Amino acid sequence: MTPALNILKKTKIKYKVHSYEHDPNSKAYGEEAAEKLNVPFDRLFKTLIASADDEKFITALVPVSKQLDLKKMVRATGSKKAKMAEKQDVVRTTGYILGGVSPMGQKKKLTTVIDISALNFDTIFVSAGRRGLQIEISPQDLASLTHAVYSEISR
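If you read the sequence shown in this note's numbering, its first letter stands for residue 488, the second for the next number, and so on.
I should point out that these hints are in silico values taken from the structure, not numbers from a laboratory.
Any given hint could be a false lead.
Cβ pair distances, simulated, as ranges [stated by the list, open to error]:
(1) Lys497 with Gln627: 15 to 21 Å
(2) Pro511 with Asn607: 29 to 35 Å
(3) Ile603 with Lys543: 19 to 25 Å
In silico EDC-like cross-links for lysine to aspartate or glutamate, where the CA-CA straight-line distance does not exceed 20 Å [what the hints assert, rightly or not]:
(4) Lys568 with Asp541
(5) Lys594 with Asp609
(6) Lys497 with Glu623
(7) Lys503 with Asp628
(8) Lys594 with Asp576
(9) Lys596 with Asp609
(10) Lys523 with Asp540
(11) Lys567 with Glu639
(12) Lys567 with Asp541
(13) Lys523 with Glu542
(14) Lys596 with Glu542
(15) Lys594 with Glu542
(16) Lys596 with Asp540
(17) Lys559 with Glu522
(18) Lys567 with Asp540
(19) Lys499 with Glu623
(20) Lys496 with Glu623
(21) Lys503 with Glu623
(22) Lys496 with Asp628
(23) Lys596 with Asp628
(24) Lys499 with Asp609
(25) Lys514 with Glu542
(26) Lys543 with Asp556
(27) Lys594 with Asp541
(28) Lys574 with Asp540
(29) Lys514 with Glu573
Please read all numbers here as calculations on a predicted model, not as lab measurements.
Positions of the beta carbon are idealized from the N, C-alpha and C atoms, including for glycine.
Kindly produce the complete structure, drawing on both the sequences and the hints.
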């Protein structure tokens with residue numbers, strides 16, 4: 488069990504867990520998950536952590552098919568500037584390893600922004616907190632659990 492799954496287990500939210508055999512040589516974690524689960528790249532969301540204003544971290548969820556647009560994320564969060572967080576900061580802040588960062592059950596409660604495109608789907612896929620494990624959940628339920636806002640943050 489991961490912290491993300493423990494949180495979901497305590498709620499009455501509907502979700503499904505999907506697993507696949509992770510290839511340790513793969514570095515494109517999101518693409519690997521989408522391919523192995525046969526899920527469109529637009530429907531599987533990667534969890535990215537950005538450092539904003541050199542003092543806070545932000546969780547950003549964008550489709551695997553796109554890139555995080557830091558300028559759009561800055562506008563969505565009211566920050567002045569942002570950059571991708573350093574790997575060690577991601578692990579320390581979330582409690583998850585790279586390629587297995589879930590937007591739920593992170594060590595610290597972070598501001599969370601979900602790309603608006605998530606609303607195009609009844610359910611989306613996000614990491615369950617371990618490589619090879621994904622959660623299928625409605626974007627509305629995910630936003631509710633993470634206190635997220637929706638915004639156009641991808642390009």
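Results of checking the hints against the structure:
{"no.": "1", "hint": "Lys497 with Gln627: 15 to 21 Å", "verdict": "holds, 18 Å"}
{"no.": "2", "hint": "Pro511 with Asn607: 29 to 35 Å", "verdict": "holds, 33 Å"}
{"no.": "3", "hint": "Ile603 with Lys543: 19 to 25 Å", "verdict": "holds, 22 Å"}
{"no.": "4", "hint": "Lys568 with Asp541", "verdict": "holds, 8 Å"}
{"no.": "5", "hint": "Lys594 with Asp609", "verdict": "violated, 28 Å"}
{"no.": "6", "hint": "Lys497 with Glu623", "verdict": "holds, 16 Å"}
{"no.": "7", "hint": "Lys503 with Asp628", "verdict": "holds, 13 Å"}
{"no.": "8", "hint": "Lys594 with Asp576", "verdict": "holds, 12 Å"}
{"no.": "9", "hint": "Lys596 with Asp609", "verdict": "violated, 26 Å"}
{"no.": "10", "hint": "Lys523 with Asp540", "verdict": "violated, 37 Å"}
{"no.": "11", "hint": "Lys567 with Glu639", "verdict": "holds, 17 Å"}
{"no.": "12", "hint": "Lys567 with Asp541", "verdict": "holds, 10 Å"}
{"no.": "13", "hint": "Lys523 with Glu542", "verdict": "violated, 37 Å"}
{"no.": "14", "hint": "Lys596 with Glu542", "verdict": "holds, 14 Å"}
{"no.": "15", "hint": "Lys594 with Glu542", "verdict": "holds, 16 Å"}
{"no.": "16", "hint": "Lys596 with Asp540", "verdict": "holds, 17 Å"}
{"no.": "17", "hint": "Lys559 with Glu522", "verdict": "violated, 28 Å"}
{"no.": "18", "hint": "Lys567 with Asp540", "verdict": "holds, 6 Å"}
{"no.": "19", "hint": "Lys499 with Glu623", "verdict": "holds, 14 Å"}
{"no.": "20", "hint": "Lys496 with Glu623", "verdict": "holds, 14 Å"}
{"no.": "21", "hint": "Lys503 with Glu623", "verdict": "holds, 5 Å"}
{"no.": "22", "hint": "Lys496 with Asp628", "verdict": "holds, 13 Å"}
{"no.": "23", "hint": "Lys596 with Asp628", "verdict": "holds, 17 Å"}
{"no.": "24", "hint": "Lys499 with Asp609", "verdict": "holds, 17 Å"}
{"no.": "25", "hint": "Lys514 with Glu542", "verdict": "violated, 28 Å"}
{"no.": "26", "hint": "Lys543 with Asp556", "verdict": "holds, 17 Å"}
{"no.": "27", "hint": "Lys594 with Asp541", "verdict": "holds, 19 Å"}
{"no.": "28", "hint": "Lys574 with Asp540", "verdict": "holds, 17 Å"}
{"no.": "29", "hint": "Lys514 with Glu573", "verdict": "holds, 16 Å"}
The structure fails hints 5, 9, 10, 13, 17 and 25 (numbered hints given earlier, in ascending order).
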